[in-house]
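*Asks:* Chains S, W and P supply the protein sequences, listed in that same order. Position 79 (the first sequence) corresponds to 78 in numbering that gives the first Met the number 0; numbering is contiguous. Position 124 (the second sequence) corresponds to 123 in numbering that gives the first Met the number 0; numbering is contiguous. Position 77 (the third sequence) corresponds to 76 in numbering that gives the first Met the number 0; numbering is contiguous.
You may find that some hints are simply not true.
Here are the simulated distance ranges between beta carbons [as the list claims (entries may be wrong)]:
1. G28/P with P155/S: 46 to 52 Å
2. Q279/W with T27/P: 36 to 42 Å
3. P273/W with S96/S: 41 to 47 Å
4. I91/W with E59/P: 48 to 54 Å
5. R276/W with T27/P: 56 to 62 Å
6. K49/P with I91/W: 54 to 60 Å
7. K49/P with F14/W: 53 to 59 Å
If you are wondering where the hints come from, they were derived from the structure by calculation, not from laboratory data. A virtual CB, placed ideally from N, CA and C, is assigned to each residue, including glycine.
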Amino acid sequence: MENLINKLQDMFAVKDVQDSKKNQILLTVKASKVPALLSFLKEFEGFKVLVMISSVDWIEIGKFQLSYIVNDPDKKNDLIIRAFISRKEASMISIHSLWGHASTFQREIKEMYGIDFPGSPRVDEPFLLEGWDDTPPMRRDFDTKKYSEETFFPRPGRESNDPAEYMKKRLYPDEK
Amino acid sequence: MDIVKKIGFVLLGLFIVLNWGLLMAGIMRKIIARVSMRRGIKIFQPYINLIKNYSIRSQLTHGIMFYLGPVFRLSGGVGIFLFMPMIYGSDIWNNFSFTGDLILIAYFMFFGMLGMALGAGEGGHPYSAIGISRGLAQFTAIELPLTLAILSIAIQYQSLSITEIVAAQQGSILNWTLFTNPLATGAAMISFLGAMGHSPFNVVMAPQENPVGPPTEYHGTFLGVLQTNRAILHVVEAVLYMNLFFGGANNWIELIVKTFFIYFWSVFVGMVFPRFRVDQSIPWLLKLPVLIGVAAIIVFIV
Amino acid sequence: MTEELKDNNIEQVEDKFLAPENRKHTVTGPEGEIIHVDPLQDYYCNERPKAEDPRNKIVEKFLNWARAESLWVLGFGTGCGSIEIPPLLSPRFDAYRFGVAMRATPRQSSVIIISGYLAVKTLKRVIRSYEQMQNPKFVIALGSCTINGGMYWDSYNTINRLDYYLPVDVYVAGCMPRPEAILAAFDKLKTRIKEGRAEGANEYVEKFDWYKANQKKVIKNWNMPDYNW
């Protein structure tokens, strides 16, 4: 893994390399270099399996994080490749030509976060939410509680507490 | 003999057969449940299901043939009953049997299936069509050993009348076709497994399968008619086998005991063996049972 | 030519949720004749449901007994609770002895178990299955999610109250209720049916417009007829 990381730092200028756990390394790369990095890993370094693509909404810095998890089944190594894209014009290069099933992940991310993947097959079709016409629900500026209360006829009489406050009051009633 | 009295006794016989069929279905389900360590349904559950199905309030139809499907099926079952001598040596209980009734009964056995095929086809459900084509394909394979066995018996007794075949088996237990023609009996009993709709040949009717088989769209009274027919058909087919291979019955008690054990044979095998898929069951049926059936014919020709 | 294109476009905007095979289209017959097909009109029935009144008292009491003792359940799992149904039929719980059996088709079944959380996408399928069931039909709602949303109460995609979309006969509280609780629910349902109070199907017909309005509020791509049996 050490050799590989050095090579990647040379070739693709990866930064923020962290060992998250055994045989698993996190690294960050510029969004435009993701397809080149992934195809290099797939063709030359044996990371043959795309485990998943996921996304995180960093609303504070105005960015989306995309995480590509790839796996080397022979050496049992994992790489998590993070890339940041702008939240305003959320668009990313599709990698469906490297792994066919990437198009499904991209379809889901398109629906849940509104990140576009131009050229990915069937990316505009509904995946889980049929006929959704609101803000993509996984974006953090979408208020799911408000939406639920407006849409789904909440049953009156339900109490809810902030878990942290509630447990603090229950477990440590004396502390202020 | 007065024809009105005759019809009255036929209807009474049909009533007895229907009740025995429902009760036998309950008993068999109970036995199956006990084998798999369950308490199982109530014995009278088939009756309750029947009443419930006849009391469904709203029903819908897909056309004339959809109506006629269950009617054809029922007329297949009742048709076999009408021409089947139930009790040997009794004028009242031999129904409308006549010389050559064996051919007619073999025809009636297929008749119901064809009616169902037309009806379920009009149901419009795509899985009905799949279910019915699988069912018909398998039923054709099931019929083949039985037909060979019937031919063998016809050659053996030189008769196509069930009454005469039963008469030839009277006297001693060793006169039964079971002992005089074991090859034909073997082929027919394997075919019986398929006809009764128990494992290993029940994949076409299994509710766990994606179609419930042909009756996917049938509900309420339609399904009630199908269930009624099923109860009648099971008893009547067991009676056919009893008449052909096990010496017939001299009274109702003997008939009930013999049909119970004949039906139990299919349940017994069903509990022991898992299901065949259709593409496994048809080749299986076309190999060994057909060979036995052909052997049974050759033995009597040579 | 342009007129035609324009028409097609308008239709496509209207039917943007329709599957391609359900759009209006033309079929060429064997002798070259052209047949216009509107699948929503031709393949489904657009009629409103009708209420079926109970028969006279004594007969109905007997029939209700039969209906209660023979509950055929539609094998349709909607959420996590559907994993509690298979043990129900296993030797340990053995629901068969209460006359409960599973059927694979909505036409033949009289009970639908909404097992746990109900996503909007599933709700659409549930409504279709429910409407295809025949008149004396009963709904058992399993788990807290069907009562007030449970742990998914603020989710963007899970309904909160089932009784706004379907007439519910028996609720089972818990997350998840164990198979014993489901057996108890069947028992409760039986007493309800025997007392003649389980008239959910007729209730659905009477408040049809209200139910449809609620359903259409959450199901945004409503691309089926209003009542599809």
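*Asks:* All the hints need checking, so say for each whether the structure fits it.
*Replies:* Evaluation of the provided hints:
1. G28/P with P155/S: 46 to 52 Å: Violated, since G28/P and P155/S (Cβ atoms, about 58 Å apart) do not stay within the stated range.
2. Q279/W with T27/P: 36 to 42 Å: For T27/P against Q279/W, whose Cβ atoms are near 41 Å apart, the range 36 to 42 Å holds.
3. P273/W with S96/S: 41 to 47 Å: Because 45 Å falls inside the window, the suggested range holds.
4. I91/W with E59/P: 48 to 54 Å: Check failed, 39 Å falls outside 48 to 54 Å.
5. R276/W with T27/P: 56 to 62 Å: violated (38 Å)
6. K49/P with I91/W: 54 to 60 Å: Violated, since K49/P and I91/W (Cβ atoms, about 48 Å apart) do not stay within the stated range.
7. K49/P with F14/W: 53 to 59 Å: The hinted range 53 to 59 Å is violated for K49/P and F14/W, with Cβ atoms some 35 Å apart.
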